[in-house]
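Visitor: Below, each chain spelled out in residue letters.
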Amino acid sequence: MSPTVSKNVLRAIVLLLFQGLVFRSVNLGWSNFAFIQVFVYPLFLLMLPIKISKAWALVIAFIYGFAVDMFYHSPGLHTAASLITVFARPLLLNYFEPRGGYKISAKPTKGDLGSAWFYRLMAVGFAIHLTAYFTIEAFSILAVPSALLRAILCFIPSMTIILLYTTIFNLKE
Amino acid sequence: MQNLVYFLLRYGHILLFIGLELTALSMVVRYNDTQQNTFHTASNDMTGWINEKFSSITGYFGLARVSRELAHENAELRKQLPNFQLSTSTLSREVDDSLNEQKYQLIEAKVISNSIASLDNFITLNKGTNDGIAKGMGVMTENGIVGIVTSVTSRYAQVISLLNRSFRASVKVKDSNFFGYLEWTGGNPLVARMRDVPKHATIAEGDIVASSGYSALFPEDIIVGRIRQLDITDGSNFYDIDIDLTEDLSSLHYVYVIRNLHKAEELHAKVEQEE
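From first to last, the protein sequence lines stand for chains A and B.
Convert by adding 950 to the 1-based position in the first sequence; the result is the number in my numbering.
Convert by adding 3 to the 1-based position in the second sequence; the result is the number in my numbering.
For the record, the hints were derived by calculation from the structure and aren't laboratory data.
A quick note: this is a predicted structure, and the numbers were derived from the prediction, not measured.
All C-beta atoms in this analysis are idealised placements derived from N, C-alpha and C, irrespective of residue type, glycine included.
Just to be clear, a hint being listed does not mean it is correct.
[To be verified] Covered by chain A, according to a simulated footprint, are these stretches of chain B (three or more residues, beta-carbon under 8 Å):
id, segment
1, 49 to 56
2, 115 to 121
3, 155 to 164
Required output: the full structure, derived from the provided sequences and hints.
Guide: Written as structure tokens, this is what we have:
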């Protein structure tokens, strides 16, 4: 296996276990308010290689989302959100494309494309993922405002953890 | 033909996205009992083992509280021993009377996975059919109702938590005996709702809500919580009741699964009545 593949597989497993075992039991919140969850696994989806074929990325997202659903006992929910995130990713990559385009060897990391680029991608990617997740979870038009509120509230702790994670493990691939 | 190939190369991923997304959404939509149970049985077999290993590590963190609660419960139970109670009767209780027959058995189990943040929460227990647990049994702690077993494998049981939009249990207001059902609609994990209490009922804030014993799942008078707030929507004939739950489901460690030894008989009686 090439280093890119093996590192992505390792990241997939580490994030899946973090999400399923640690962050699944983290519930922040106030006594009378919607409870906040922390999401870390979308990091794997957003950090897939830039040049990966769109079809492969979707298949990977489907399998990965389903694995997360296994831990959360929520058939289809994380799968659906993951698919939307991965489908939107090429559009984000296009939007954030540096002047002169991506180099052939470019990887979606802080080291290769800079911290500002990286965290901008993460922020928009997570926003899309969380909005999709909570909207699908509520599954009703009436509940959209409260779903958006939950998405916003989950966004802050999730991004904090991602910031820590990407700083501690200086991801090179 | 060539155009079709070009089209697929260029837009194939969109078709794939739509296909996979519809598959995922249909899984969400067909989230009814049958599929839900199939999914849980399968996912329990796969993640149950990992969860169990992990909770064997994290279980230590709650031990102080667990042992305090157990000691407290022991003391409460000891109080009920015959020699701790003043007997005003001279009758000996040695008669083997079928009136004193055991109706409910409790099977203690450890919680190996739990959540409260979702709108549909589930709990996994470390016991299954090997220990006598079956689908449809109630789950409680000394502080109140926890949930209902929805699927079992040989070693694990999946419990639909009280904190789940599809959970229902029959409850009553303890003093006045008005009954209704208990449900949870998301948000605060310490507050549930009671429905179907008619507006002529004489109830007040602070009244104790307990299980009604009508459902064959929970024995009568297991405390659920206290009435926090009462409301009547204009034009409605029923109260909207908010209940402060006595059980904090965010810190469950050990629970009791309730085995109703008379369940088959009770259900049979109900069915006959309906026929």
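Visitor: Hint compliance check: list the failing hint numbers for this structure, sorted ascending.
Guide: Violated hint (a single one): 3; every other hint is consistent with the structure.
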